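> Which chain is which? The protein sequence lines are A and B, in order. Reading the first sequence from the start, the letters are residues 0 to 481 in numbering that gives the first Met the number 0. Reading the second sequence from the start, the letters are residues 0 to 94 in numbering that gives the first Met the number 0.
Wrong hints could be hidden among the right ones.
Unchecked claim - Within a straight-line C-alpha distance of at most 25 Å, the following computed SDA-like cross-link-like pairs (lysine to any residue) qualify:
| no. | chain 1 | residue 1 | chain 2 | residue 2 |
| --- | --- | --- | --- | --- |
| 1 | A | Lys93 | B | Leu40 |
| 2 | A | Lys86 | B | Lys73 |
| 3 | B | Lys6 | A | Lys327 |
| 4 | A | Lys86 | A | Asp324 |
| 5 | B | Lys8 | A | Thr419 |
| 6 | A | Lys327 | B | Lys93 |
| 7 | A | Lys264 | B | Lys73 |
These are calculated hints, taken from the structure and not from any lab test. In this text, all values refer to a predicted model and were calculated from it rather than measured experimentally.
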Amino acid sequence: MGLENLTIKEIQKLFSKNKLSSEELTHYYLERIKKINKKINAFLDIYEKEALSQARESDKRRKKGKILGPFDGIPCAIKDNILIKDKKTTAASKILENYIAPYDAFVIERLKNEGVVFLGKTNMDEFAMGSSTENSAFGPTLNPWDEKRVPGGSSGGSAAAVAANLCVFALGSDTGGSIRQPAAFCGVVGLKPTYGRVSRFGLIAMASSLDQIGPITKNVEDAALVMEVISGYDPKDSTSRKIEKTSFKIKENFSVKNLKIGLVKEFLEEGLDKEIEENFQAVVDFYKSEGAKIIEISLSAVRYALATYYIIMPAEVSSNLARYDGIKYGYSASGEKEGQAYQLEEVYLKSRSFGLGKEVKRRIMLGAYTLSEGYYDQYYRKAVLVRRLISQEFEKAFKDLDIILSPTTPTPPFLIGEKTKDPLSMYMSDVLTVPVNLVGLPAISLPVKKEKSLPVGFQIIGDFWEEELILNVAHFYQAKAR
Amino acid sequence: MKIDSQKVKFIASLAGFELVAEEVELYKKELSRILDFVEQLDEVSPGKEPLLEERNFFNVFEDDRPSEFLDKEKLLANFPVRERNFLKIKAVFKD
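Hey, can you work out the whole structure from these sequences and the hints?
What follows is the structure in structure tokens.
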């Protein structure tokens with residue numbers, strides 16, 4: 000039986016009919032990882048033995064008719080900034096190279112309660128800072144569609160693992176596009192939930208007013224299924240919200256007739272590559288032909304979203320990453336060996352200088368500067384105000400719209416090394432994804448259907464807590480477009 | 000905003016790391032460019048203070064309920080230098 004690109008639903012069917020065991024499936028993925036990971040470096044850690052034993056346990060439960068939940072026995076991969084108890088969790092940084100997580104993240108606990116099989120941890124940009132996975136301290140991940148190109152980032156390992164069929168689904172995190180942009184570059188589906196929808200307890204913090212965990216999957220339906228498991232209120236994350244809309248049901252009879260779709264003028268001005276423009280137009284034409292109403296709007300403050308993001312995010316980074324000081328965990332220069340520190344202040348300086356990478360230092364410095372005395376008002380406070388302006392514009396727009404449609408990225412996947420020398424040009428690749436994080440809205444990226452060539456994605460943005468709607472609009476395209 | 004070497008070293012000290020000469024040169028250029036970019040916000044006049052009662056921004060208050068972390072040994076095992084159940088650190092002052 001061919002196991003290529005099985006979806007969660009297909010696997011659930013095969014499992015329940017006894018046509019496939021979790022052990023067979025897990026073995027299949029582990030063999031593929033062994034072969035393919037050498038080339039693309041999507042995984043930083045592979046749990047061969049444990050995965051197989053988790054799979055056997057799941058098969059035993061199934062035989063007894065006592066499965067833990069619909070996900071029992073389904074193998075997945077986890078971005079290496081999400082804590083799995085007793086496992087190395089590095090955030091792809093040297094400073095956490097030997098850090099062993101003392102507890103499970105909320106989302107991991109949820110997955111464990113379902114009996115999910117963990118295949119391993121996926122590569123990423125160090126501390127989720129980057130758009131290409133080239134900032135990993137453990138080498139870049141390559142795009143499985145073209146190994147000369149980047150898979151996007153920062154959840155590049157997760158997106159590449161799903162695209163190369165090394166797991167059924169993966170978890171990523173999205174601060175400014177880190178789920179959606181790599182999903183677009185790798186031709187898979189990525190969902191960034193509404194801020195507050197998924198608990199970040201056990202996620203290594205990057206920028207706390209922006210971070211969200213979400214699924215990367217082979218199709219839209221799978222993303223909806225994973226959301227059922229990982230979302231929900233958690234008192235351990237004070238930004239976690241108790242909300243009424245908790246359903247993520249895909250409706251087969253869903254229609255986009257009279258659906259009000261907004262196209263934001265400012266999104267389509269951002270120096271879009273011709274290939275992106277053409278593919279996006281085809282998506283718009285599809286929805287139009289199915290009866291949706293296309294409404295062109297202008298959100299003038301969106302033009303400033305990227306600049307706003309590059310003040311707010313580094314400010315939060317500089318504060319969140321102050322904890323990596325070489326004292327309680329992680330790399331420390333406080334050993335007895337030669338060249339190590341002999342005094343406390345020096346432990347901080349030496350541990351951080353050695354343990355943190357170039358981009359991480361760049362962002363910490365930027366944040367330290369814009370928050371420093373005499374500059375706070377000019378930069379940070381101003382950015383907070385502009386952020387609010389952007390939020391208000393979106394809120395107003397959603398009074399007359401159901402969803403907003405845009406390309407996910409301004410270009411197709413770029414070449415390895417193409418943007419590493421110029422941080423600003425790297426930052427530009429998030430220009431279409433960042434506004435969503437600033438406001439806290441949910442958004443999904445899915446691949447445009449087209450002739451064989453590099454993947455191109457488009458993004459559906461919803462109002463707060465409207466994941467179910469954007470999932471259905473996305474599924475509709477996947478099911479009906481040609 | 001032009002950032003000179005002196006400033007880069009100052010920011011690095013705020014950020015808690017030391018830079019070698021090449022890094023100072025590199026960050027001088029890069030930080031200046033990034034600051035030039037974010038300064039486009041000067042064009043916007045965003046109005047007054049953010050209002051905190053807005054739809055999705057509010058404070059979350061909770062009772063302080065201490066509970067015990069059961070796997071203390073797992074936390075201690077991550078200590079870089081450990082003596083029994085204590086974290087050992089270097090002297091605060093030189094000599």
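> Hey, Lys327(A) versus Lys93(B), does the alpha-carbon distance stay inside 25 Å?
Holds, at about 21 Å.
> CA of Lys86(A) to CA of Asp324(A), is that 25 Å or under?
Distance ~21 Å between Lys86(A) and Asp324(A) Cα, so the pair holds.
> Is the Cα-Cα distance between Lys264(A) and Lys73(B) 25 Å or less?
Status violated; Cα separation ~52 Å.
> Taking only the CA atoms, is the gap from Lys93(A) to Leu40(B) under or equal to 25 Å?
With Cα atoms ~35 Å apart, Lys93(A) and Leu40(B) exceed 25 Å; violated.
> Check the hint pairing Lys6(B) with Lys327(A) against an upper bound of 25 Å on the C-alpha distance.
Status violated; Cα separation ~30 Å.
> For Lys86(A) and Lys73(B), compute the direct alpha-carbon distance and say whether it is at most 25 Å.
Judged against 25 Å, a Cα distance of about 11 Å means the pair holds.
> Check whether the Cα positions of Lys8(B) and Thr419(A) lie no farther apart than 25 Å.
holds (23 Å)
Against the hints set out earlier in the document, violations occur for numbers 1, 3, 7.
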